[in-house]
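Chemist: Sequence:
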Amino acid sequence: MNLQKRINATPLSPDCPKKSFEIELPSQCPICDTAYGEFPKSSFYISDYSGSFLYSIFFCPHCQQCFMVKYSTFSVSPSFIDAGHIEHIFPRSLRTTDFPEQIKQLSPQFVKIYNQAELAETTGLTEICGIGYRKALEFLIKDYAIHKNPDSSEEIKNTPLAKCIEKYISADSIVTLAKRSAWIGNDETHYVRKHEEFNFTDMKNFIEATQYFISMDLVVEKASAISPK
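Residue numbers for the sequence shown follow my numbering, so the first one is 1 and each next one is one higher.
Here are the simulated lysine to aspartate or glutamate pairs, DMTMM-like style, with alpha carbons at most 25 Å apart:
hint, residue 1, residue 2
1, K148, E208
2, K179, D202
3, K163, D151
4, K112, E127
5, K104, E121
6, K222, D98
7, K194, D172
8, K148, D217
9, K19, D82
10, K70, E22
11, K135, E197
12, K112, E101
13, K70, E118
14, K157, D217
15, K135, E155
16, K104, E166
17, K157, E188
18, K70, D82
19, K157, E221
20, K5, E22
21, K179, E118
22, K148, E221
23, K135, E118
24, K41, E87
25, K222, D172
26, K157, D172
27, K70, D48
28, K135, E196
29, K222, E138
30, K157, D143
31, K194, E127
32, K163, D217
33, K135, E188
34, K112, D33
Worth flagging that the hints you see were computed from the coordinates, not collected in a lab.
Work the whole structure out from these sequences, hints included.
Modeler: Listed below in structure tokens is the structure:
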């Protein structure tokens, strides 16, 4: 949970007074990803017909860089200080997941698509990133299935993902995670959602767990290939 702190902000309009806000502090620097809990160096707010927005400048002592946070603000009641909720952090972090080497070798296309979906999410394209995660899942599962069943390569490539999971994946943990990831992923592409309580964030968690179990299986395969001397 992000820390809540009271700060004073200067108005960008000369007709408005200085104002206090209760804001969330960012939990990490978007530039170096170091844990963060510092107060802003300066803050400014602006009010118009659409509401009030607060802009705060922060300085990271670790990387010696500044970043900005835009807050949407709201008032609980006239007697309380306005609260500021983090809306955007600039610059947006462009860091992506670095997957284990065995996953990179098994399914380089999975890694590429997943990382692109992460960048879409980071830049605020939350309506389309889920589609990318769903596509990444299909490449991961099918590449793993082909690895396990090389003689069925062409059939696996042309089999729908759900049937591919049922027919070619034997590990219960991977089957469970992959199926649920696919269900949520399908919701990301369709007009009507069947699992409204879940979204692409849950799918990401399931996909990350899926690749973990696949990665561990590949490690076991490598260890099993070692013969005693």
